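**Student:** Use the sequences and the hints to build the structure in full.
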Amino acid sequence: ASAGDTYQRLGFILYCQISITMATLTEAHKQTLKETWVMVKAKGPLEDTGLTMFVKLFQKNPELLPIFPFADEGLDNIPKSARVKRHGANVMKMVDTAISILDDMDTVAAALTDLGKRHRRYKATPAHFGPVGDALLATLEEGLKDAWTPEVKEAWVTIFGIITTVMSAQLS
Numbered sequence: 001a002s003a004g005d006t007y008q009r010l011g012f013i014l015y016c017q018i019s020i021t022m023a024t025l026t027e028a029h030k031q032t033l034k035e036t037w038v039m040v041k042a043k044g045p046l047e048d049t050g051l052t053m054f055v056k057l058f059q060k061n062p063e064l065l066p067i068f069p070f071a072d073e074g075l076d077n078i079p080k081s082a083r084v085k086r087h088g089a090n091v092m093k094m095v096d097t098a099i100s101i102l103d104d105m106d107t108v109a110a111a112l113t114d115l116g117k118r119h120r121r122y123k124a125t126p127a128h129f130g131p132v133g134d135a136l137l138a139t140l141e142e143g144l145k146d147a148w149t150p151e152v153k154e155a156w157v158t159i160f161g162i163i164t165t166v167m168s169a170q171l172s
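In the UniProt record's numbering, the protein residues as written are 1 to 172.
Just so you know, these hints were derived from the structure itself, not from any lab. The structure displayed is predicted, hence computed values, not measured ones. Where a beta carbon is used, it is the ideal one built from N, C-alpha and C, also for glycine. All clues stand as given, with none of them false.
In the EDC-like style, the derived pairs of lysine to aspartate or glutamate whose C-alpha atoms are separated by at most 16 angstroms in a straight line are: (1) Lys43 x Asp146; (2) Lys85 x Asp72; (3) Lys85 x Glu73; (4) Lys60 x Asp134; (5) Lys56 x Asp134; (6) Lys56 x Glu142; (7) Lys41 x Glu141; (8) Lys60 x Asp76; (9) Lys34 x Glu154; (10) Lys85 x Glu47; (11) Lys153 x Glu141.
Restraint-style ranges between C-beta atoms, simulated for each label pair: (12) Glu27 x Asn61: 27 to 37 angstroms; (13) Ala147 x Lys123: 33 to 43 angstroms; (14) Ala71 x Ala138: 20 to 30 angstroms.
**Tutor:** Here you go:
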């Protein structure tokens, strides 16, 4: 998608907000994200990473379970749920896609805008993104071990902030 196409879809104010937010992602951040994501993928299947993230999310935030389509499985079944694993795989595929197109921020913005619109249908709110971000960061930290440095954390916090900003703008 070209900048003009993205602008047409989003409108001027939102496009400006997203552009400013995206500008906080430096070239060093992008490089760090790409390098550490390769390491995450080398650890094992992304669906396992996604499952770990959701286990962490619901351990700390069980009140969020009812907003997910697999809520009927109950908290105790989350670690062995095929539906949670599938959802985790989808989340990690989106992260994988975002990392692979970091140099085309208009395409990233368009993909996140569409994802935000889908989450509006799921009744997600901006407040839900904080706990998800915390679970993602905890999962990455656990997986990257000694490679998890303050610089790596900063890069991941920055990209998740962008994801949150763009998706949250679609929720109202």
